[in-house]
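Once you've looked at the hints, dock chains C and Z against the given chain L.
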Amino acid sequence: MLTEYLPIVAMAVLAVAFGVASLVVSRMFRPHRPNPVKLSPYECGNDPVRLPRGERFSVKFYVVAMLFIIFDIEIIFLFPWAVRFRQLGLFGLVEMAFFIGLVFVAYIYVWRAGGLDWATSVEAPADADLASDSPRDPMAAADEELAAAMHDAEVAGAR
Amino acid sequence: MNIDYHALLPEFILAGTILLVLVVDVFLPERAKWFAMPIGLIGVVGSLAGVLSLIGAGTRESFGGTYVVDEFALLFKGFFLVTAVVVLALSLRYFREGGFYQGEYYFLLLTSFLGCVMMPSSRDLLLLFLALELVSAPGFLMAAFRKGDVKSNEAGVKFFIIGVLSTAVMLFGMSLIYGVTGGATKLAEIGVALDGVSGEMETLAFAAILFVVVGFAFKVSAVPFQFWAPDTYEGSPVPVAAFLAVASSVAGFAGLLQLMFVAFAGQHEFWVPIFAFLSIATMTVGNLVALQQTQVVRLLAYSGIAQSGYILLTFALVTDDAASNRNAFAAAVTYILIYGVMNLGAFAATVAVSRRHPTLGVADFAGLRETAPVIAVGMAVFMISLAGVPPTGGFWGKLLIFQAAIERGGTLGPALAVVMLVNSVASVFYYLVVPRQMFLRDAADPSRLRVPALVTAVVAVAMVTLVAIFVLPNVFARLAEISTLVGLGA
Amino acid sequence: MSAQEYAFTVLAVVGGLSAIAVVTARNVVHAALYLVVTLLSVGGVYLLLGAEFVAWVQILIYVGAIVILFLFGLMLTKAPIGRDTLDNQQRWLGALVGVGVFAGLVFLIQEAFPVQDAERFETFHATTDAVGESIFRNYVLPFEAVSFLLLAALIGAIVLARKDDAS
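Residue numbers (the working numbering), protein chains in the order written: chain L, 1 to 159; chain C, 1 to 490; chain Z, 1 to 167.
By construction, these hints were calculated from the structure, which means they are not laboratory data. From a predicted model like this one, the values you see are computed outputs, not experimental measurements. One thing to keep in mind: the hints can contain errors.
Claimed, not checked - DEER-style ranges, computed between Cβ atoms:
| id | chain 1 | residue 1 | chain 2 | residue 2 | range |
| --- | --- | --- | --- | --- | --- |
| 1 | Z | 26 | L | 14 | 27 to 35 Å |
| 2 | L | 11 | Z | 26 | 26 to 34 Å |
| 3 | L | 57 | Z | 92 | 29 to 37 Å |
Unchecked claim - DSBU-like, lysine-lysine: derived pairs with alpha carbons at most 30 Å apart:
| id | chain 1 | residue 1 | chain 2 | residue 2 |
| --- | --- | --- | --- | --- |
| 4 | L | 60 | C | 151 |
| 5 | C | 158 | C | 147 |
| 6 | L | 60 | C | 158 |
Built from N, CA and C at the ideal position, the CB exists for glycine as well.
This is chain L alone, in the form it adopts within the complex (with noise of 0.2 Å):
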């Protein structure tokens, strides 16, 4: 059975001798002239504002990975089931219709909650002041947002 990875070995082997390749290959070769504007973050085309570190992501964005790893598991589920669908009859099939009508109440219980939503809240004061200034040097900004973000925070763990 393992002289089939054989093929799937190779293709690893040669996918990180790619990579590593390229990198020393254009590290040997290319010209090494850095200037500030070259250094900054491309933000298409647009000045910088500040850095993206200690940018805090909507708390939205987890309601979403956690559904993504509740579905991701009941996928898994599904390969063996699938795999033995035939032999495990109706007794399967309704074990499998239960775990899945399970999932689905989660899914309804987000959908209600509002978890899904994502045009009713868009709330980030923060940033858009910032984003609506002039630019400025890029870490003093980042300073700044770090400072807003603690308050925030603290705020947060006053309520």
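Same frame as chain L, but now just chains C and Z:
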């Protein structure tokens, strides 16, 4: 493979209720969210009826003997479901007035109880592990339910991290057992297979047993795995603390009893000293630290740790003698049940006081004899019972353990009995702190404390039960006697 | 040595080193990426042991989902990144306990199951079919219990992550 649907009826009813609570909650308007509680209550009572319908029906096996419903299982299932009724009753006002997510809370609580109900029937390592997880995982979340409160966040995180760590250790131990026994997962099979191993294999099996014990020691908050308990109880909503102190830790004991008395019974010479150490450390540390507590929930937490120590003592009494083992087992079961009643009562009284004094300092109980006489008398009874002083059920519980320890003989039995006696005497000091406040001090605010009817009812019933146990000990002793595990003392 | 043993040696070394890198990395994002390598190696070991289905579960769930959740968590909580923020005073004690337990277990397991006596890898092959038969016949109850566990985890996570409008 066989499935006995009647034997699974309580679980089915409870599972259906859990889903119903969640779905109904989603469609209820904000003001009617509390409605999830009566739905849950009806479901739990229905499940209890299912358990009652199985009494006297003999031992029933499902799923190739991995899920067994016998008297031991029924006794614990009944206990857990009654506990569920009580915790639900304590929760209604607390959660309705506190601005919590009610539907989700009842959903998580009932899911946890589903794990509890599965635990005493699980005769397979995999099932045992999943039942334990099903008890714990919603517990982590419920502990953090007071979202705005930093202490509650701390409660949840501490509980989670220590819980996950000890679960991982336990799971590793289970995998070693699987390896050593050559692929046995059923408890009875493990017991047989482990008796056959020797030499290096046996040493590895000892390590595995140690790891498995660690997982359950965390669950029952035995020293040195107790650190989470006081902080978690204090930070959690009070009904959740009641749940953790009673249902969750009793579920741990239900699992531990099966593992130790069935699967690992043959290795008792190895683990008896471990339990002796755990027991002595747990009761001593619990009692000593409890002496310094000024907050009632923390006091109850340390008292719970000390009580776990008394129950763990019965494990240290196992010998080759089947009759003496049966004594120890009966003492453990009896004490667990009585412990559940008195602790639930104490938490119910605490819930009542928490409506006026959310910080729950000991001084907040001052003058309770006037502001809430029923609660005050009840709390006094629970405290006296926890200390093991007559005329309460706690006295019989302790006496049974004491007797079992003396009857075991050797040096260990009497030695443990003496340690327990000293501890019990020491514990009287802190257990009497609260009654002293209630009866000898005056309240700052002498107006009547408004106590929800359900909470008063719980306190009254628990109080009457404890006194009844003292008056009619034979009835309750019989309960434990019928619940001998199959294969006990083999 | 057979090809499997060579493969195992490579996987064990890579997995072990990256596991050490997970806990020593100064940057939590790097730590998460090292974790990917570790989990992949563990998946590879499962594959070598003939547990094909478990190997792919390991890769799909752990590498594909759990680490993603880790990275989400880092972005959401703005975990402190950089020197010393992940340190505490007990690191030497922790190292001592870790090494002690590891050495003890290696000794015990080696005594009980000596490497010299190990059977050839090919003897065991758990097909997806066999796993399905096992889960959906004898272990139906744990399987359904898992679904309740998943449900509780999801609901609880949402409750805790949700922004309170009420309070």
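Notebook entry, point to check: Could one say that the CB atoms of residue 57/L and residue 92/Z fall in the range 29 to 37 Å?
Noted result: 36 Å, holds
Item checked: CB-CB spacing for residue 26/Z and residue 11/L relative to the 26 to 34 Å hint -> 33 Å, holds
Margin query: Given the hint of 27 to 35 Å, is the C-beta distance from residue 26/Z to residue 14/L inside that range or not?
Written below: Since the Cβ atoms of residue 26/Z and residue 14/L sit about 32 Å apart, the hinted range of 27 to 35 Å holds.
Notebook entry, point to check: Keeping to a limit of 30 Å between CA atoms, is the pair of residue 158/C and residue 147/C held or broken?
Noted result: 15 Å, holds
Next item on the list: Decide if the proposed pair is consistent with the structure: residue 60/L and residue 151/C, CA atoms, cutoff 30 Å inclusive.
Entry: 24 Å, holds
Next item on the list: Measure nothing beyond the straight line between the CA atoms of residue 60/L and residue 158/C; if it is 30 Å or shorter, mark the hint as holding.
Entry: 24 Å, holds
The structure fails none of the hints (numbered hints given earlier).
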